[in-house]
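Chemist: In case you want the letters, here they are:
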Amino acid sequence: KAGVTQTPRYLIKTRGQQVTLSCSPISGHRSVSWYQQTPGQGLQFLFEYFSETQRNKGNFPGRFSGRQFSNSRSEMNVSTLELGDSALYLCASSLEPSGAYEQYFGPGTRLTVT
Amino acid sequence: AQSVTQLDSHVSVSEGTPVLLRCNYSSSYSPSLFWYVQHPNKGLQLLLKYTSAATLVKGINGFEAEFKKSETSFHLTKPSAHMSDAAEYFCVVSVPTGGFKTIFGAGTRLFVKA
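If you read the protein sequences in the order shown, they are chains A and B.
So the first sequence is residues 1 to 114, counted in the numbering used here.
So the second sequence is residues 1001 to 1114, counted in the numbering used here.
The shape of chain B in the complex, shown without the other chains:
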């Protein structure tokens, strides 16, 4: 069975400090992995995606994620948090099972303190 687990429901960091949002997945197939961000009262926006190319993926706004097959992880990082990064982040796995099945993680709410 396919699943995705975001290990933290809330993460709080100070502005200028690193961000780490953790995501583990389970898949019997080679998955495609995505991170999306949702700002309050706005739709979801793609941050980055992994589709079996380079394991270190760079996204928008300074975010990046590393695909680690041995650890079944796809953690999202950013070297220095900005106030505008405060939002909810979703890790998403998509697997090719009778048409693609897309599964969203429960989300991690990122708080950024001044």
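Excised from the complex, chain A in its bound form:
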């Protein structure tokens, strides 16, 4: 079974631009979560989607948004990029909303904002 895939793997953007990251979950998984990983803040939860609905949201500004499609694929969007948005963005999928279910992580998208 194919794992979680994320595209693109690397991205360089300029401050003020916007970016869209994509995540394809493991086949049959209906929940997708997004995380931001930085050396200073560690791994922080962004949001979780299940059946096209946002189930939970972390403490991030409204510039960070996401959505999930009927095939469970998910995208996250960051508008008006800031230098501090440079990070590794990880996507994780699980059968049901994360909780008792383990999450399977993708390799991440490395975003650099200049």
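In short, the hints are calculated from the structure, not lab data.
Careful, some of the hints might be misleading.
[Unchecked claim] When the alpha-carbon atoms are kept at most 25 Å apart in a straight line, the in silico DSS-like pairs for lysine-lysine are as follows: (1) A:Lys13 <-> B:Lys1042; (2) B:Lys1058 <-> B:Lys1042; (3) B:Lys1049 <-> B:Lys1068; (4) B:Lys1068 <-> B:Lys1058; (5) B:Lys1049 <-> A:Lys57; (6) B:Lys1113 <-> B:Lys1042.
Use these hints to put chain B onto chain A, whose structure you have.
Modeler: Same frame as chain A, but now just chain B:
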């Protein structure tokens, strides 16, 4: 409030000696607890999980963890370290608050000396 604390940011052991990575949590609800490992430039991989069944949980690659409610701890152990265990380890707590909230610890970097 829910939180998770990994008591050591770095742990160094010699190959063949035991590994102990410490994790304490705080939760008003019955939590699910996980340990994930992240090898350099790779995504996170689940080592093991506790979801209110047996308190001693066995995971992959010889790792195990014991849930101690009285001590609010979920320490990760391995009897004999291998060079390939060198990685960053994350303790994760997930609690059912208006949709599950998943909180990652800050991580413990494990170094294994030959």
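Chemist: Now, for every hint given, state plainly whether the structure supports it.
Modeler: Hint by hint, here is what the structure shows:
1. A:Lys13 <-> B:Lys1042: 22 Å, holds
2. B:Lys1058 <-> B:Lys1042: 23 Å, holds
3. B:Lys1049 <-> B:Lys1068: 14 Å, holds
4. B:Lys1068 <-> B:Lys1058: Holds, at about 15 Å.
5. B:Lys1049 <-> A:Lys57: Within the cut-off at roughly 23 Å; holds.
6. B:Lys1113 <-> B:Lys1042: 21 Å, holds
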